[in-house]
Amino acid sequence: MTQDQTEGSAPAGPKSFLDVRDLRIHFPTDDGLVKSVDGLSFQLERGRTLGIVGESGSGKSVTSLGLLGLHNRRNARVSGEIWLDGQEVVGASPEQVRRLRGRKMAMIFQDPLSSMHPLYTVGAQIIEAYRIHNDVSKQVARKHAIDMLGRVGIPQPDKRVDDYPHQFSGGMRQRAMIAMALSCDPELLIADEPTTALDVTVQAQILDLIRDLQEEFNSAVIMITHDLGVVAELSDDILVMYGGRCVEYGSADDIFHRPEHPYTWGLLGSMPRLDRDRSERLIPIKGSPPSLINVPVGCAFSPRCAYSELNQGRSETERPELREVAPGHRVACHLGREDRHRIWTEEIRPKL
Amino acid sequence: MTTPDSEVVADQRPAGDGDALLEVRGLRKHFPVNRGAIIKRQVGAVKAVDGVDFSVRAGETLGLVGESGCGKTTTGRMITRLLEPSDGQIIFEGRDITHVSQGDMRPLRRDLQMIFQDPYSSLNPRKTVGSIIGAPFRLQGIATENGVKRAVQDLLEVVGLNPEHYNRYPHEFSGGQRQRIGIARTLALRPKLIVADEPVSALDVSIQAQVVNLLEDLQEEFNLTYVVIAHDLSVVRHISDRVGVMYLGKLVELADSAALYDSPMHPYTVALMSAVPIPDPAKRKGRDRVRLQGDVPSPLNPPAACRFHTRCWKAQEICGKVEPPLVEVLPGHRVACHFPENAPEGAGEKVTQAAEQADPA
Numbered sequence: 001m002t003q004d005q006t007e008g009s010a011p012a013g014p015k016s017f018l019d020v021r022d023l024r025i026h027f028p029t030d031d032g033l034v035k036s037v038d039g040l041s042f043q044l045e046r047g048r049t050l051g052i053v054g055e056s057g058s059g060k061s062v063t064s065l066g067l068l069g070l071h072n073r074r075n076a077r078v079s080g081e082i083w084l085d086g087q088e089v090v091g092a093s094p095e096q097v098r099r100l101r102g103r104k105m106a107m108i109f110q111d112p113l114s115s116m117h118p119l120y121t122v123g124a125q126i127i128e129a130y131r132i133h134n135d136v137s138k139q140v141a142r143k144h145a146i147d148m149l150g151r152v153g154i155p156q157p158d159k160r161v162d163d164y165p166h167q168f169s170g171g172m173r174q175r176a177m178i179a180m181a182l183s184c185d186p187e188l189l190i191a192d193e194p195t196t197a198l199d200v201t202v203q204a205q206i207l208d209l210i211r212d213l214q215e216e217f218n219s220a221v222i223m224i225t226h227d228l229g230v231v232a233e234l235s236d237d238i239l240v241m242y243g244g245r246c247v248e249y250g251s252a253d254d255i256f257h258r259p260e261h262p263y264t265w266g267l268l269g270s271m272p273r274l275d276r277d278r279s280e281r282l283i284p285i286k287g288s289p290p291s292l293i294n295v296p297v298g299c300a301f302s303p304r305c306a307y308s309e310l311n312q313g314r315s316e317t318e319r320p321e322l323r324e325v326a327p328g329h330r331v332a333c334h335l336g337r338e339d340r341h342r343i344w345t346e347e348i349r350p351k352l
Numbered sequence: 001m002t003t004p005d006s007e008v009v010a011d012q013r014p015a016g017d018g019d020a021l022l023e024v025r026g027l028r029k030h031f032p033v034n035r036g037a038i039i040k041r042q043v044g045a046v047k048a049v050d051g052v053d054f055s056v057r058a059g060e061t062l063g064l065v066g067e068s069g070c071g072k073t074t075t076g077r078m079i080t081r082l083l084e085p086s087d088g089q090i091i092f093e094g095r096d097i098t099h100v101s102q103g104d105m106r107p108l109r110r111d112l113q114m115i116f117q118d119p120y121s122s123l124n125p126r127k128t129v130g131s132i133i134g135a136p137f138r139l140q141g142i143a144t145e146n147g148v149k150r151a152v153q154d155l156l157e158v159v160g161l162n163p164e165h166y167n168r169y170p171h172e173f174s175g176g177q178r179q180r181i182g183i184a185r186t187l188a189l190r191p192k193l194i195v196a197d198e199p200v201s202a203l204d205v206s207i208q209a210q211v212v213n214l215l216e217d218l219q220e221e222f223n224l225t226y227v228v229i230a231h232d233l234s235v236v237r238h239i240s241d242r243v244g245v246m247y248l249g250k251l252v253e254l255a256d257s258a259a260l261y262d263s264p265m266h267p268y269t270v271a272l273m274s275a276v277p278i279p280d281p282a283k284r285k286g287r288d289r290v291r292l293q294g295d296v297p298s299p300l301n302p303p304a305a306c307r308f309h310t311r312c313w314k315a316q317e318i319c320g321k322v323e324p325p326l327v328e329v330l331p332g333h334r335v336a337c338h339f340p341e342n343a344p345e346g347a348g349e350k351v352t353q354a355a356e357q358a359d360p361a
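From first to last, the protein sequence lines stand for chains A and B. Residue numbering for the first sequence follows UniProt numbering, starting at 1 and increasing by one per position. Residue numbering for the second sequence follows UniProt numbering, starting at 1 and increasing by one per position.
Next comes chain A alone, as it looks inside the complex (with noise of 0.2 Å):
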């Protein structure tokens, strides 16, 4: 979040094609505010992959969620602004989010299995979602459900659209479920955790297929996942979560090859990796991840960052804001940038 951006381009309306300003997403619980996320925002023009990346409780998936606008209104304190094409997101009716959602955006969920109606057949599931946007006869939606199948590579489709969710293997069921997000030609896609539940060679299978799709249809794609050599496959830009707030922002290069908060430092420490020599000690981060409730003051990251006592105290009691320190390279951090990149250099690039 850049100030000029916020305030300068705020009553004149988005330049980007989806457009996230201050989004927070809290959950009032009975043990307290849980402040799943806490101003996040960020821009994505069409054609471009975003990668989320953060632990488990970082926030990401109700992100997505918030972008769909899948988030209950009695429950969960949505505030903030997202702007798709010209379009705000969050003020707008339930009814007026129905018409975009499958439409305009859709979503490749985390496990397929949990995901599908289980008695209704796949091709049902994906003729219904067409004919809501699209109006078609049942014979033409039916002949669109198995062009789409076949496109995302299931063998035999004209068969295997009346097979039910239980009849696919875990990959197919994962096709099945993009070959339901495209089915409307999304202009954005947001895929949470696609290939987590999958094997490796799977993985690279449907890895492939997103990226394949992403060119033939030019959609915005938001990669959540927690696996960082997934978003190094396919990701432009790299926003890296932590305690619900972005604490890094960057293309994928500076990510990986210029991080620098101390939280993609471990990151990147934690990872045994097939494409370096086999390290004799990895790095992992101390502690664990924050509770949602009681996010530390200051900065979330303080109490398990090494290098949070280079700071004078500040981390413990200021959050750090989400600076500029580079084109496009956005960090929150209170060390100075001269210390961060001499620690990078020093000390944390030769151990990866």
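Just to be clear, a hint being listed does not mean it is correct.
[Stated by the list, open to error] Covered by chain A, per the in silico footprint, the following chain B stretches (three or more residues, Cβ under 8 Å): (1) 89-103; (2) 192-206; (3) 228-234; (4) 245-252; (5) 266-273.
Hint data in this document are derived by calculation from the structure and do not stem from the laboratory. By construction, the Cβ of each residue, glycine as well, lies at the ideal position given by its N, Cα and C atoms.
Chain B: place on chain A using the hints.
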């Protein structure tokens, strides 16, 4: 197949394998598939594990990798005798434990322990941490120097938990901490061999690294031997000395970790490695990728001969007819393929010859 006496087996073992802590030979597990409501008849069998041979030396870590349904977990559960093997032999410290009864197995449990995958379902939610970790002492009737409580608190400290948490319940801990509780329970009796079934796959990346480091430290401290079962190739490379790759109930390649990852021989291993996403956007382009088509066939009706030939790009006629056995083509590098990649001259012929010898028909 009759099971030979364990003494005879010990004599037959080649001298080089003298320090093998665990040996597995021709291990099979077929789960029957029954039809009929009143009169059950067997209509088939899921060949979850179908003839696996390997040995584990004392002090090393053997990794078993493969996709879901390849039989790696079933293998692990048979080694710890949580499942009854259908056929084959499991030899632990020179003793055949393949069909040892529950009662006779109990003293062996001290030496043979397991770490489970899901830290949320493998701890009894109604017991305190103290009684969960103390259970092995009570069950085995082992006297501890300063009482069970003291021993448990020491264990908690070893795995990096606060000993004061003795009286807490599992739900009060995070996933990573629960996995540490599971590890403490496993360590209680100072086992010789630990079978770890997906020890870190349920954990977040940053926590994964903590647990992987802990497992390595404990191995050094207590001289443990691990069999690590995982689907994550990078984690397996990090912790294993040797790695076995499984596909549809068979071991297709077994080699030193470095050799396997630098020059994989079996086409399936090659495909598996190239499917792993590399966390480096600079390497996105220009990577030579092998993309497998389709899914793993059903273990109910696996392909004949080489089980990978239906998805293999190198498959020829022989692959569908003659099953390649696991043959040592380089010292310490065993592969089951007629046309191995990255292999020395004549490696494929060696495999084919061995196949003919094994089955002259």
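Violations among the numbered hints: 1, 4
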